[in-house]
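K.L.:
Chain residues, written in single-letter form:
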Amino acid sequence: MGSIGGVYLFRIPEGEEFISYVTKFLEKEDIKAGVVKAVGTLRNPKIGYFLEKEKRYKINELEGTYEIASLMGNISIKDGKPFLHVHVVLGDEEGVAYGGHLIEGEVFVAEVFVMEIVGVELERKMRENGLALWDEMRL
Amino acid sequence: MGSIGGVYLFRIPEGEEFISYVTKFLEKEDIKAGVVKAVGTLRNPKIGYFLEKEKRYKINELEGTYEIASLMGNISIKDGKPFLHVHVVLGDEEGVAYGGHLIEGEVFVAEVFVMEIVGVELERKMRENGLALWDEMRL
Amino acid sequence: MGSIGGVYLFRIPEGEEFISYVTKFLEKEDIKAGVVKAVGTLRNPKIGYFLEKEKRYKINELEGTYEIASLMGNISIKDGKPFLHVHVVLGDEEGVAYGGHLIEGEVFVAEVFVMEIVGVELERKMRENGLALWDEMRL
Chain A
701 MGSIGGVYLF
711 RIPEGEEFIS
721 YVTKFLEKED
731 IKAGVVKAVG
741 TLRNPKIGYF
751 LEKEKRYKIN
761 ELEGTYEIAS
771 LMGNISIKDG
781 KPFLHVHVVL
791 GDEEGVAYGG
801 HLIEGEVFVA
811 EVFVMEIVGV
821 ELERKMRENG
831 LALWDEMRL
Chain B
701 MGSIGGVYLF
711 RIPEGEEFIS
721 YVTKFLEKED
731 IKAGVVKAVG
741 TLRNPKIGYF
751 LEKEKRYKIN
761 ELEGTYEIAS
771 LMGNISIKDG
781 KPFLHVHVVL
791 GDEEGVAYGG
801 HLIEGEVFVA
811 EVFVMEIVGV
821 ELERKMRENG
831 LALWDEMRL
Chain C
701 MGSIGGVYLF
711 RIPEGEEFIS
721 YVTKFLEKED
731 IKAGVVKAVG
741 TLRNPKIGYF
751 LEKEKRYKIN
761 ELEGTYEIAS
771 LMGNISIKDG
781 KPFLHVHVVL
791 GDEEGVAYGG
801 HLIEGEVFVA
811 EVFVMEIVGV
821 ELERKMRENG
831 LALWDEMRL
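Chains as they are written, first to last, in this note's numbering: chain A, 701 to 839; chain B, 701 to 839; chain C, 701 to 839.
In isolation and in its complexed conformation, chain A is listed as follows (with noise of 0.2 Å):
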């Protein structure tokens, strides 16, 4: 069990890369564990869906300009530094949706919300199914 530490709220500028802005506030900000929300619009985004057979993310790039519908995702310790697990749901000009694991996305606007969890240890290790996961938690 951990507690809430620092809690964030901000607009990351126009035309930056999402992912690696963010990791960037993470390294500058030391957070190592917490959670990640964010509504805006991202031009370009590249979604992943995990080929278990393959052990490799099949990368689906949308063209153009998407609402953010939802995105969230977790921080936690990676090869030593905080690293950002994001999933996303985009929504194109008719409102259809597209869903997956968020590899990047360049902002048009994008409004983040990050709140820190402190008190708990959490570090990603390569496993035998190609993933970089914690150790499970067994009940």
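I should point out that these hints are in silico values taken from the structure, not numbers from a laboratory.
Wrong hints could be hidden among the right ones.
If several chains are the same, the list does not tell them apart, and a pair holds so long as it fits within one copy or across any two.
Think about it this way: if two alpha-carbon atoms lie no more than 25 Å apart in a straight line, the pair counts; the simulated SDA-like pairs of lysine to any residue are [said to hold, decoys possible]:
| hint | residue 1 | residue 2 |
| --- | --- | --- |
| 1 | Lys758 | Pro713 |
| 2 | Lys825 | Gly715 |
| 3 | Lys724 | Ile704 |
| 4 | Lys753 | Glu716 |
Put chains B and C on the given structure of chain A with help from the hints.
P.N.:
Just chains B and C now, with coordinates in the frame of chain A:
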């Protein structure tokens, strides 16, 4: 950096309009910054897609009843009052998903989570791109 | 108005059923109110769409493996026990999104965030519309 203020979990009465009801709640509780989430079901929701060149939202009007598959947003100040910015993913009877900026929707069921953030000041001001946005946070 | 209690971030073991595993966790930790989020991947998820006239869920059974593009829900009391109400957005191999009420899904990967809320009492009771709901909050 802010910290957590009041935390609320409640159900909106059937028949109310989602955005206006939650905004009324924020005004009553004097909540100036925070985040919002919800699950439930909306009738005849209208979702927006921002047309960058035209500097206005295209409105997609969905007819009928939709599951709120995801709803997230933030609270800040606009024109001196609490302002709610919400994005949504909606699922139809076949499970097909639609997503965008929530303009309005009549509540059948809405279970709403509001978490106040204190110690931050976020004010929306009209920008050249046609959107009312906070100042950017530059790293 | 409530306040934050315990905060948890953990990974569910592969092969477990999502809803039952998190419910078991809530019972173990005696969490009576709160919110839940997750990202990851589910196998053969079943999502519900509430048929208002028939007062029952239509179940859409999705075959195969889906990214959890979004998962959010809340915790309250039903029949004296912690009860989890979760909605989900799922992305397929092409990135197409599906959404609704999560009935069940087998975990391939699930990284779960649980935040307890203390100081509120929320109990689900069966209503005339066929759903087990909290009392409405009237402004």
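K.L.:
Look at each hint and say if it fits the structure.
P.N.:
Status of each hint after checking the structure:
1. For the homomeric pair Lys758 and Pro713, the shortest alpha-carbon distance between copies (23 Å) is at most 25 Å, but the shortest distance inside one copy (29 Å) is not.
2. Taking CA atoms no more than 25 Å apart as the test, Lys825 paired with Gly715 passes between copies only; the shortest distance there is 19 Å, against 32 Å inside one copy.
3. For a Cα distance limit of 25 Å, the shortest separation of Lys724 from Ile704 qualifies both inside one copy, at 21 Å, and across copies, at 23 Å.
4. In this assembly of identical chains, the alpha carbons of Lys753 and Glu716 lie at most 25 Å apart only when taken from different copies (20 Å versus 34 Å within one copy).
The structure fails none of the hints (numbered hints given earlier).
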